[in-house]
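Given chain A, work out where chain B should sit, using these hints.
The chain contents come next:
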Amino acid sequence: MPAFANYHCKTTIDCQQGAVRAVRYNVDGSYCLSCGSDKKVKLWNPATGLLLKTYGGHADEVTDVAGSCDSSYIVSSSLDKSIIYWDVSTGTPVRRLRCHAGGVRCVCFNEDSSIAISGGRDNVVMCWDIRTRRLDPVQVMKDARDCITTVLTNENKIYAASLDGCIRHYDIRVGEMICDKIGEPITYLARTQDEQCLVAGCQDSVVRLIDCETGGLLSEYKGHQADDYHIECGILANDAHIVAGSSAGDAYIWDLLEGKVLQRIRISDNGGVVHSLATHPSRSEELLFARRRDMYVFTTDLQIEEEQL
Amino acid sequence: MDDEESLHRFGTPLPTLEKDVVPAKKPLAIEDQIVKDENGKRRFHGAFTGGFSAGFWNTVGSLEGWTPQTFKSSRAEKATPRMQQRPEDFMDKEDLGEFGIAPQGIRTREEFSKESEEEQRTGQRKRKLMQPEQVGPIPGVPVLEHLLRPVRDKVAMRILKSMGWKPGQGVGPRQTKKEKRQANARNKREQYLLEHYGAEGLPSLEQQQIAAVEKGGGDDDDDDEEDEDITFAPDDYEPIFYTPKENRFGMSYSGLSRDPILSKSSSAHPAAPMQHINLFGQLETQPKQKQLSIRGQAFGVGAFEEEDDDIYARDDMTRYDFSLADKKPKQKKIQHVQQRHVIDGFSEDKSGAALQKPYAIDLPRDFKPRNWLQRRTRFEPMDRERTKKLEARIEYKRTGLGRHDLNPDQRAQLLGEQKSQKKDQQPEQPPSRNPFKDRNKLMDLINAKSEGFTKGGLIVDEVLPQAETVAETQTTATAMAKQVKEANATIQEKAVFKTKDLASAAPSGGFKPFLADEAKQLRYDTFLEAQLKTDAEITEFLANMQPVTLSLWDREMEKKEFIQAAKIYRPLNGLMYDRFVSEATVQAEHIKEQQKPPEERKVVMERTKAMWKPASLLCKRYNIAEPFGGSMLEPPKELKGRPKISIFDYLETSINSKADFQTPTIRPKHMEKPKPAVLVPPPLAPLPPPDAVAPEKEKPAQKKGEEPAAVKPSFVPRTPLEQAVDESREKPISEKKDLFRSIFEDSDEEEPVPVATPAITSLSTPQEKLAAINEALGLPSTSGASASSLNVLRNNSPPRGIFAALFKPIEELKPKEAPAPPKFAPIEGNKLKIAYKSREERLRNDKELAMAQVPVEDIYGPKLPEKGAPAKTQAPETDHVEVGIEAKLQHLWQKHAPKKRSAEKWVEKKALSTDDSDSDSSSDTSSSCSASSPAKAKKTKVSKSKKSSHRSASSKKSKKSEKKSKKKAKSKKSSDRSKPKAKKKKSKH
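Chains as they are written, first to last, in UniProt numbering: chain A, 1 to 309; chain B, 1 to 989.
Pulled out of the complex, with its shape left as it was, chain A reads as follows (with noise of 0.2 Å):
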């Protein structure tokens, strides 16, 4: 088990956006993304708090954004009802997917970024064959019974989480579909590196951890408060801590195993909800948050906690 080392704020942006609604990193963890209450998308340079691009174009605010496997593309999801693929470079939407009959909650790009898939308040995974200019979803699951909070995939499934207690794989590969009922509206979900778990934040203020093969209930992990927010939880590259916000201001980590908390985060003396972070894909030792207008970037690197002292 790799040694904890506690994190340190490195940088702080404002993304003066509003109020800050996802962090999302790229493929590599070399740039970020952000989504704004004021309907943009701005991508960031996470080491120098540099702001890189703006994409406006959505009606609502954005609720989630991802880059594309090539960073060349981006697919942001809004309270418009609506995707839009963005090129990055150029900073136009290339295409914009209307079908959802409610807000969008969250969006991903499969393995090669040939489908960007959705989920939204009208419960239904819509899945996109971005790359062509057809406007209808390639696939509608509408198995969920509420809001889907985040849709995952790898190369041969689709995770849906949704407020409705359930995960719902996907798998193509079988042709079924398994659902998972936690029974406590889930607020987010993330992966292990290696696809064997699932991390579910629930609204009951617990963070669960659930084996994919058989569905059971691994760990449980306490001591955030979640409160009524879409607190989001991930785990960090190592696979070995999880991690999650909180609606006072601070983060939580714990240990995969024993569940214990490790450290607890004070992103901010004066409250605001942590609501939003994101793991970096590949470096444990990196961190993003995001509360109210502000993206915090944490980092366990030693020499930044020298420099601030």
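One or more hints might be untrue.
Distance condition first, Cα-Cα at most 27 Å in a straight line; then the derived BS3-like pairs of lysine-lysine [unchecked claim]: (1) K620(B) with K142(A); (2) K181(A) with K602(B); (3) K157(A) with K620(B); (4) K602(B) with K260(A); (5) K157(A) with K609(B); (6) K222(A) with K592(B).
Since the hints were derived computationally from the structure, they do not count as laboratory data. Values in this document were obtained by computation on a predicted structure and should not be read as measured data.
Then chain B, alone, in the frame of chain A:
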């Protein structure tokens, strides 16, 4: 003369004019009559003035004709926004000239030119005549007036003008002629009287005079009768004085009997009618006197007429009578309006709301307002009660908030006064309140409470002046202020104490329903305190308290009253307690709830699985083969490819949903290809008789042929694989792996097939051998079966009825004798849908799938008689041989007929599903020949577990075997499991 003569003359001279002769004037033709203006230009009468000679040839228009106005607008040239048309647009240049109708030259402004002013005001020149002659010593307009003219009128003048007054008129309501005359006379007389007698002697004299005038004027009455409506502005006169208003009419309202003269006259001539009759006579004279001068101006003036100026004179139509009838009311109306001197911008109030008078109510002297809803007992006079209340109130006021509890010394001490300063000791008033009264009277208390609070607020104000006075006397102001503060504090403390006492006293008392009778109330209170339940107790309790004077009936009544009252007038914390909660308690509960740790909810994970058909494009994009080759049934309600809801979706689902149609999704063609290899007899197995083998071959062909003629509409699996796939539809996904496994392992087990060929030697008959060899070599069998394979229409179904009886022995014999391990054992069940089976059954089935090579069904070939002619013609001798073999086999079968096989029976297809397992097991046993069935089952299990160990972990986990599930259960004990897992992960990284 010489000069003249020397001159040359050119041309012809005009004839010399005779002196007397005047050249004859040619009368001008109409068309030649052209009007010219002063410049010699042709004059055109405009649209307003249009005269007889206007326009072209005395017509309206011009040579070009009359062209209407045009409007043109294009994109390039936008038309200017429509201008407002002005009168000038329709005027000629001459009209705008100095003498035109709208001269634009520089002129004296109207207010500076007298004539123009007059004209403007009246609008008519003739009004000049109406101007009163100014009487003065010098005739004519005063010279000074010509020289000095005020530019603007005075304010009073302007107001008057706005009210309709004109210079030269008198001020006042319009008068009829008679009135005017009378007024005139009166004015003169008054003036005269005033001059001669002064104001004192006026009334009496005036009356006489007026009477005289009235008499004189009476002559005119008859004449003026009709003149009532025609009114005139009063003449101007010097007002002398104003008589005070005597009547009750509204301001400026002049009633009919306003005129004192008329009232006088009516009194003077009792027989004389009312005023209006008098006035009526006046009207008669009017036509004679008034002459309406209507001149021909309305018809316009010719261009050649001199009176051109008057062309524009406005001739008001109101000056004309159009009928006799409507004259009167109209004029009256005007009069009415004029009588009200309403200034411009104001309008008369017609609502009359101002007239409503507030009436002063005369109340009886001894009236006392009382709340009649208030209950009181019958016998108690209210007054006493009230006095008590009042007393209490006053007493409370008197006692105050404790200030009066202090004696002067204490007060002085508080204020820091010297004792010697003032000695005016007020009579001390100890708080001699009746505590019972005070406590028990709710209303009192409430009143007192509110008063107390106000007092408390006032204390500071009251004390401060005191402090000021004291400050003067004292030397150190700061010390004084401190003292004052202290004093205030003590007083306020006391006040607080008092009010607190009041506040606490109020709720303790509750309702006092029997306030009127103190003793009763007291009893009631004790009754309440006792909190008795039963009736007997109450009677006993009350009997002790009630005075002896009370009659039995009264006692009973009182008891009832008390019980009733206790019910109704429950104290607040009885009646309302369950309905209302104080804010504090709510908050406290809330906090308590928050503090309470959230109850641990047990999260129970549930996993459910369902079929889900991924879209083909999705599979393509994910680079995954479609599950089941895309042959999965689409979910019935899926709106794949057309997310827009169409009405036809509903039609489709409601009437003919796709689920209703069971199309054979798996075509047997693909599956039958491996058949030839399959048909090879398995190793170590005696070859079935050739006739049994033959049908095997023909079967696929037959099936193909059978397909179009399929009786059953639903899909019937033909091959074992089909069957398995079909079966797998109902099965959960995990179990489909069995199917796949069976498929893949089939191919493995097919390998020993070539090895099987040596087994041919063990075949009993040469025919069989031949057939087997032929089979092995893939040659067409020489037996009739090959022929029958051509027969497409052959019924391949298991024999029924007679046939069943016929072939049963052979069929049943064969598995024993020729235990060729059937490649696809459950082929006889091909035409059936296999229902869901238990795991053991399925395992067995798997085993069969693995082992089966020859369909059992095919073994009983001897449907040959049915095959018909072609078979017979082709091989008659084999037929003969076959018969012999059949007989032999039958014989053999009867010899060895195993007991357990007896259970197996061919029944109708549909019922066969239950027999399936039986037949399977039988086939198993037959294939193994040695092991008993339970042992066999064990073996299969073992082999299976071995196999599964080779398989990927995922498939292993997804299996639903009991064993596995047990394992899972173990694994679900997460803490044990997660650790190794994590370790595994670690090792990965």
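- Message: For each hint given before, does the structure comply? Return the numbers of the non-compliant ones in rising order.
- Response: none
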